[in-house]
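There are 2 protein chains.
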Amino acid sequence: MGVSVGIDIGGTGTKLGIVDDDGNILAKMEFGTWEFNVFEDYVDELGKLTNSMLDELGKSTELQGIGIGSPMGKYVDGTIDHASNLPWKGVLPIASLLKNHFDKPIVITNDANTAALGEKVFGGAKDFNDFVMVTLGTGLGSGFVSNGHLVLGFQGFAGELGHVNIGRLEGRTCGCGKKECLETYVSATGIKRTIFSLMAKRSIDSEFRHVSFDDLSTKDITIAADKGDKIALEAFQFTGKILGRKLAEVVMLFNPEAIFLAGGLSLAGDYIIKPTRKYMEKDILDVYRGKVQFRSSELGSEGASILGAASLVKGEFSK
Amino acid sequence: MGVSVGIDIGGTGTKLGIVDDDGNILAKMEFGTWEFNVFEDYVDELGKLTNSMLDELGKSTELQGIGIGSPMGKYVDGTIDHASNLPWKGVLPIASLLKNHFDKPIVITNDANTAALGEKVFGGAKDFNDFVMVTLGTGLGSGFVSNGHLVLGFQGFAGELGHVNIGRLEGRTCGCGKKECLETYVSATGIKRTIFSLMAKRSIDSEFRHVSFDDLSTKDITIAADKGDKIALEAFQFTGKILGRKLAEVVMLFNPEAIFLAGGLSLAGDYIIKPTRKYMEKDILDVYRGKVQFRSSELGSEGASILGAASLVKGEFSK
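If you read the protein sequences in the order shown, they are chains Z and B. With the numbering used here applied, the first sequence corresponds to residues 1 to 319, in that order. With the numbering used here applied, the second sequence corresponds to residues 1 to 319, in that order.
To be clear, the hints were calculated from the coordinates, so they are not data collected in a lab. The structure presented is a predicted model; accordingly, all values stated were derived computationally and were not measured. Check the hints yourself; a few may be wrong.
Any copy will do: because identical chains look the same in the list, a pair fits if it lies in one copy or spans two.
With a straight-line cut-off of 30 angstroms between C-alpha atoms, the simulated DSSO-like cross-links for lysine-lysine are [as the list claims (entries may be wrong)]:
1) Lys291 <-> Lys89
2) Lys59 <-> Lys282
3) Lys178 <-> Lys291
4) Lys274 <-> Lys227
5) Lys314 <-> Lys126
6) Lys89 <-> Lys28
7) Lys278 <-> Lys59
8) Lys201 <-> Lys99
9) Lys89 <-> Lys282
10) Lys48 <-> Lys219
11) Lys241 <-> Lys219
12) Lys179 <-> Lys314
13) Lys126 <-> Lys89
14) Lys278 <-> Lys178
15) Lys219 <-> Lys99
16) Lys89 <-> Lys278
17) Lys89 <-> Lys241
18) Lys178 <-> Lys282
19) Lys291 <-> Lys179
20) Lys241 <-> Lys291
21) Lys104 <-> Lys89
22) Lys126 <-> Lys104
23) Lys282 <-> Lys241
24) Lys291 <-> Lys274
Using the sequences provided together with the hints, build the complete structure.
As structure tokens, this is what we get:
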């Protein structure tokens, strides 16, 4: 049986798993990315753990390739370039180092691209050739599929929707060094900033007045909205307005059939989707109106990043 | 010798020409789009003129197909859908009507897409697989090439950069019915509006104070800038700032290797390119900085639209 390995390198943890052709995760593991100061040691650990999982599955499994999702994963070179929230600096030649362990196709790109491709190969986007994936986690990631292919760009760095400028609103600083990037408003962190900005502006009571910034989670904001907390409700409206207006631009550039939302903030469901859709529809041309579907990722939160990474081994991306 | 027909349907005139494989225009004609009230008569005229040109070239030419560039040209259906500046209303089945005259592949898309593909097949983009074409005429059109393929979108309406919102600046109305579309600032018409807005704001003298809106041309603005006219210089700076900031977003989504500018306003050269590049570079992430080339279309203004339309017959688009 042919299997692929999916590796998701995150700022906190690294997940890896063995995936069959139907998108079943046959085995998986997780460890702390920061346990390894030396990048070569980290890659050796990836090799060791992968081999141990493959051994356990037995001789009938045949490894087809390895897909890797990573911040600043660079498809064209097989490297990770200057990822600010990983422990290692500079350009990291992960594909060539892993080749020492596995003489198989090894493909890398950023984690929002793997989310998009995972949705196409294993999830709810199987029938779409033109769609957009927006991941709303700590930051905002995006992957674009056009004519059935990932839009990668000439350096392999396409899809940085999180860092487009949204206008000159509050002057929020971004981790990238710029100001007013979309993800400073639209992400798990962005909506927290909005909650705190609204508490500063408004005099109304809110249960968030008892909570510190660090203790506040996206889930808390949804729970508060359910109870009618006005700050929470306004924060969702405001966040959806900014996302919707920017997605209107995306729709006019890519003309996608569907927009998929994934990640923590997307779990707020209609609280975020309704205003997003409303403001998107308002800003687009007539020909697109009512034509764009909003979908939630069908990969679930548990194994999505592993499935996404493993999907890179399929079809056009195997090399 | 194999030849293609390129047809460019404009709000004023229709151009058509016979093009060989090397991009030479062997014959061409032009007539007023508005001479025909009935769409079927217009298509009959296209058929008649094309056949007369082919006959004149002699029997050694073999027609490979017909490419059409038109406002609201819809690739997936072979139709022109609700084009506001053409004489005929509704959905126009141009490909199927032309099939009555020619049993050859007939392909249609909008004129900015044909400009992009023409640049790839016959012009300065032969070596680029990821680039953007921006046409700065009466409006602003755009075509995106990713992985060597035109980004068409699921309806075939991708690439409407002219109608993305640029923020809430002056409240300019757009022909599409929306407000503050990019093309209300960045286009031949847009920069004229800016000239008049600046004359209203500033008290300084300008040679434009003697000129009516209808009499003002983009070329006049360049000539005035050459003479040091402050309103003209400020208008270019302002227009380039708005275009540059929006192209920064485009760069982060598509990661193109080059951005091509074409159309009347692009002839202003450095007056428009310098501020555009400056503000684009300012707003992009480090990984893209200094990597994007600005180019002028190499097809020239004379036959560009015919070459662009004819390029649709090539490769993937022949059907």
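Taking the hints in turn, this is what the structure says about them:
1. Lys291 <-> Lys89: For Lys291 and Lys89, the Cα distance is within 30 angstroms only across copies (21 angstroms; inside one copy 44 angstroms).
2. Lys59 <-> Lys282: neither (56 angstroms within a copy, 54 angstroms between copies)
3. Lys178 <-> Lys291: between (34 angstroms within a copy, 18 angstroms between copies)
4. Lys274 <-> Lys227: Close inside one copy (18 angstroms), not across copies (53 angstroms); limit 30 angstroms.
5. Lys314 <-> Lys126: Both ways: Lys314 and Lys126 sit 13 angstroms apart in one copy and 29 angstroms across, limit 30 angstroms.
6. Lys89 <-> Lys28: Within. Shortest intra-copy distance 27 angstroms satisfies the 30 angstroms Cα cut-off; inter-copy 58 angstroms does not.
7. Lys278 <-> Lys59: Neither. Shortest intra-copy (53 angstroms) and inter-copy (58 angstroms) distances fail the 30 angstroms Cα cut-off.
8. Lys201 <-> Lys99: The answer is neither: 55 angstroms in one copy and 64 angstroms across copies each exceed 30 angstroms.
9. Lys89 <-> Lys282: between (43 angstroms within a copy, 24 angstroms between copies)
10. Lys48 <-> Lys219: neither (36 angstroms within a copy, 67 angstroms between copies)
11. Lys241 <-> Lys219: Intra 20 angstroms, inter 40 angstroms, cutoff 30 angstroms: intra-copy only.
12. Lys179 <-> Lys314: Neither. Shortest intra-copy (37 angstroms) and inter-copy (44 angstroms) distances fail the 30 angstroms Cα cut-off.
13. Lys126 <-> Lys89: neither (37 angstroms within a copy, 36 angstroms between copies)
14. Lys278 <-> Lys178: both (28 angstroms within a copy, 15 angstroms between copies)
15. Lys219 <-> Lys99: Answer is neither; intra-copy 41 angstroms and inter-copy 58 angstroms both fail.
16. Lys89 <-> Lys278: between (42 angstroms within a copy, 29 angstroms between copies)
17. Lys89 <-> Lys241: Answer is neither: 37 angstroms inside a copy and 34 angstroms across each miss the 30 angstroms cutoff.
18. Lys178 <-> Lys282: both (28 angstroms within a copy, 9 angstroms between copies)
19. Lys291 <-> Lys179: Answer is between; shortest inter-copy Cα gap is 21 angstroms, intra-copy 33 angstroms.
20. Lys241 <-> Lys291: Close inside one copy (19 angstroms), not across copies (32 angstroms); limit 30 angstroms.
21. Lys104 <-> Lys89: This pair counts as within: shortest intra-copy Cα distance 26 angstroms, inter-copy 57 angstroms.
22. Lys126 <-> Lys104: Classified as within; 26 angstroms inside a copy, 33 angstroms across copies.
23. Lys282 <-> Lys241: For Lys282 and Lys241, both the intra-copy (10 angstroms) and inter-copy (26 angstroms) Cα distances are at most 30 angstroms.
24. Lys291 <-> Lys274: within (15 angstroms within a copy, 38 angstroms between copies)
The structure fails hints 2, 7, 8, 10, 12, 13, 15 and 17 (numbered hints given earlier, in ascending order).
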